[in-house]
Amino acid sequence: MASKVAAPAFFDSSIMRRAILDAFVKLNPQTLMRNPVIFVTEVVSVVVAAFFVRDLIAHNGNALFSGQIAAWLWFTVLFANFAEAVAEGRGKAQADSLRRMRSDTRAKRLKDARSGASAFDSINALDLRVGDLVLVEAGDVIPSDGDVIEGIASVNESAITGESAPVIRESGGDRCAVTGGTTVLSDWIKVRITAAPGSTFLDRMIALVEGAERQRTPNELALSILLSGLTIIFLIVCVTLWAFASYSGAALSVTVLIALLVCLIPTTIGGLLSAIGIAGMNRLIRFNVVATSGRAVEAAGDVDTLLLDKTGTITFGNRMATEFVPTSGVPERVLAEAVLMASLADETPEGRSIIALAKSKYALSEPDISKDNAQVFPFSAQTRISGVDVGGRSLRKGAVDAILALVGLTQAEAPADFRQAVDRIARTGGTPLAVAEGQRLLGVIHLKDIVKPDIKERFAALRAMGIKTVMVTGDNPVTAAAIASEAGVDDFLAQATPEDKLAYIRKEQQGGRLIAMCGDGTNDAPALAQADVGVAMQTGTQAAREAGNMVDLDSDPTKLIEIVEIGKQLLMTRGSLTTFSIANDVAKYFAIIPALFISAYPELQSLNVMRLASSNSAILSAVIFNALIIIALIPLALRGVAYRPVGAAALLRRNLLIYGLGGIIVPFVGIKIIDVIVSILHLA
Amino acid sequence: MTIVGWLQIFFVLAAVVACAIPISSYIANVLDRKRTFLTPVLAPVERGFYKLAGVDPAREQGWVAYTMAMLAFSVVGFLTLYAVQRLQNVFPLNPQGFDPVAPDLAFNTSISFITNTNWQNYGGETTMSHLVQMLGLTVHNFVSAATGLAMAWALVRAFARSEATTIGNFWVDLTRSVLYLLLPISVIGALVLVFCGVPQTLLGSIDATTLEGAKQTISLGPVASQEFIKEMGTNGGGFFNANSTHPFENPNIWSNIVEIWAILVIPVASVLAFGRSIGDQRQGRAILVTMGILLLVGVLVVYWSEAAGNPILTALGVDPAQGNLEGKELRFGNALTALFATGTTGTSTGAVNAMHDSFMPLAGMIPMFNMLAGCIWPGGVGAGLYGFLVVAIIAVFVAGLMVGRTPEYLGKKIETREMKLAMLAVLIYPLVVLGFSAASVLLQGTLDPDGNWLTNAGPHGLSEIIYAFASQNANNGSAFGGLSGNNLWFNTTGGLAMFFGRFAYVIPVLALAGSLAAKKKVPASVGTFPTHGALFVGLLIGVIIILYLLQYFPALALGPVVEHFLMLGGKTF
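Listed in order, the protein sequences are those of chains E and B. The opening residue of the first sequence carries number 44 in the numbering used here; numbering runs sequentially from there. The opening residue of the second sequence carries number 2 in the numbering used here; numbering runs sequentially from there.
Here chain E stands alone, though its shape is the one from the complex (with noise of 0.2 Å):
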């Protein structure tokens, strides 16, 4: 696996100096309407300000109150300001390092494009169009995203992926897609430039880390309309209880009643919704998935079914030897010494599996045959058999009716023990290969598909969560039952077709449920394509990548459950932080309801729980807490809520103490230790 790009550290200087900056420069009202809570917020410092300057120049003993209420509510702006840009700040670096890697490439455009010619101009990569052809050297940076049509190549992907390790490109097939930015490192390809300047991989990669392109996803959308909705109700109690106090006896200026509107309006969530949510995809980048929309995003939070393929996935991509099982008569290390000699030539990986039982458990060591003019004859569709011929000896392994056949037997003749071991390994999943030497049957080769060490518990704890784990294979149903029951997943597909893949995700979503699946062939488009979330591995076809809503870099299909909890996590981050908000509003009003009406009602210091010190302290104090807490937040926002797979009501249940408990009593313990600090600072 790739390395993981590191997250920053949260209080990193460089992007700290940047986020300051850019907090100041979002105080553009134009900017911040998007974000109507805070923008509201802005509004009403404005007014507070210019009620500061008017007490400074009226000399009526105010100034010191409202400049502090007006310095305060200018911090709480900010302060969401700088939520946001230190999320976006983080991606910034990041961004920085694609893009020098974009602007510097040239590129080699082919003047004719018959076969052979060479002759190219050389231009700047961002000059370059869909339909241009260009020649890609040794060394040469690939300048833009294209298909190869001509050639091989081994190209080094580590500017996008992380992954060191040269992959290749060639025309034809599935892995002739090339990305612009990744370098050849030897023999030469041609391409067929696939995309638009400023539309390539690599510009959405920038777009996506830097946070420029970010449209509110659907969820952030219907949460800013309850934000919106609560400031509204806000705005009319505020200015309500002028009315109310006007008739009760007591005038309250304007600067402590916007006081109480700021307190009560949610600023908390409102300012750091945006932080969340660019965190969220920066988590995503982190763990080298790119999203092309944060929809995707929050539907992975939503999935109920995850369509898995099994090789890869669910199971090592390869068979593996368990056991030799011998025919009656055969001493079990004979037919082990055999497998071992008849699979020296075999290069393949279940070849290197049968020799390294061979060599494990029966302590066998690899004899050299190199010298013995040994004949090696490879595996062949045709045959479906594979041996070597040694020292006299002809040894043959192979599909067990293809080795019958070779010994002149037929599947009745077969010795009865034989018979079972291949019903028996048939059974369970997994693949009998007979083993000859010359018209003898020596036995029966084990070959299991491998199940991933952990997977049971992950699908487990993908259960708990809610979600279906389908497996999806080209194996016969028995063989792919066994697996799914060894690993544990709730339903397979097999002998898949991409069409009974597209049929099955079809018949998911019309029962209401969100899909998940990865995929990499460009048979897998269709499909990908189907599926609410549909992560295309990095190595496979532009159709591939082009149809999926993220990318994985690593290529890791196990990876679709972090997506998944990414997905939960960053909606989980948003609802606990509402409820934090929302809860914190009863203790600002009984800081300053009591405050506000000293003179008319004293009796309403009963209701002063905190034994605040003045009512201008209980009213300063409650402002004051509103906009740290916005700062103290930010970790936690950037870090995103824990995600426990635990099922929903216990998860909520979870949520519900410490954010809803939680946020009803930490202010009232914050704006005492506040109140406490501002009397002693004689602050007012």
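Note that these hints are calculated values from the structure, not bench results. Heads up, the beta-carbon is just placed ideally off N, CA and C, and yes, glycines get one too. A hint or two may mislead.
Anything over 10 Å on all C-beta distances counts as not near chain E; from chain B, calculated [to be verified]: (1) Glu61; (2) Phe504; (3) Leu540.
Simulated pairs of lysine-lysine, DSBU-like, Cα-Cα distance not exceeding 30 Å [claimed, not checked]: (4) Lys404/E / Lys550/E; (5) Lys216/B / Lys550/E; (6) Lys69/E / Lys135/E; (7) Lys154/E / Lys69/E; (8) Lys495/E / Lys402/E; (9) Lys522/B / Lys421/B; (10) Lys69/E / Lys522/B; (11) Lys421/B / Lys521/B; (12) Lys550/E / Lys522/B.
Which bits of chain B does chain E cover? Going by a derived footprint, with three or more residues having C-beta under 8 Å, they are [stated by the list, open to error]: (13) 306-313; (14) 559-572.
Position chain B against the provided structure of chain E, taking the given hints into account.
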């Protein structure tokens, strides 16, 4: 508080729940257009109505058509009711020879009855002819309740259906609610009240000679028939000005019990019927438990506060054992008065068997808070259910996020459009109640230079104004007695408050129904958080309390809360 008092309360509530269970399955059948035991008798009548009105009962409506039908019906209802009042002197059945009702009062009363509010700025026995009472007011007691039920089922169907374009037929829902549900129970209920001693006659009044030899005119009329539907349709407009404190409306403890039962039974049954109609009875039960807890806490506060008596009087040497008896009927006692007051404001009934104005400040705050929250535990006929579901949607939205999924309620995803509509509906209440109340206190000096509006000063006066708008906005209709509402300002603003409280709320709700109906129903999984357990009940209570407390904390603090603290200091208003 006494054990007998609590036994009375639990006996009535147990009777409500016991009857609501069978009635709930009946309601579900009526509104889901299934066969009921009355079908053989009523189906021909039902068909006759459709034929007469030219309605095709098989054709369903989308939310726009459904809303239009509801609005058209309400507008026609408003106009005819207004006309009948203004022309009552030329129509028959006016034995006392009343003059036409004043225009602003007729406006207020008409809106009041089409919106199921039954705010009484009029005194029934001294203003309205029998024709107005029977053809005007009693008819609307039925159809405004049926309209509420129809709108609720539009929303219920939206949850029950998947990818549907229609949410039912308003005319069918209205007809069936009246014909199958409200009329049959009312006939029986009215007879029970007659049996309890409530008069039912077309006589105007009788003259009696008292023991002292004085002449007394005693108003009479078709009281029992209107009384029962007044409670059961969560209407609340009494035949007499004194409402259910009047001995002819509510003569004894038995009629009192029947009336409390009638107030609560349909709202409770319709919540359970909601569970049946969406095919998951646990959902209805969870909501009912939530409503029940909120109602009982209210009963507890009122009962406790009233039974403790007035500390100022206690200090003067009055025995506190009887509790606070100002404004109460001795024949009902503190326990059933507490239940009546909480029930009538927990639903949108607004009938009163005691003067809420005379309650202790904290006890008076409970009816006020119930109405500020929109009368949704258990709510008016239909109106309570849809009102509560809107709040549930908001609660589920926040909670759903906390479990890491796009929030969904009953298999329907709550997305931007749903949030928009839910917030639009919820915004109406503070806007209307706080807006009109603030305008009233600001304009008081100008519009009411002689100080006729309020009989009480200070925080109690503020409570009276806020109570009035909360009551009308929530379509409740009960009043804090000290406010003189029959003037141009309160008749007009009150009428608008009732209008917005009903229609500005329900139009977004019907749009919400349209939007939800069109959605695919998502099957529940372990990852969906269950909306039928104790956790959900707790969540709903928390969200409701915090949501409404935050909206009304300042207003309540300056009204009943400070009045309470002032009273402890020996000051009254």
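**Study point:** Indices of hints not satisfied (ascending)
**Key:** Violated: hints 3, 4, 5, 7, 10, 13.
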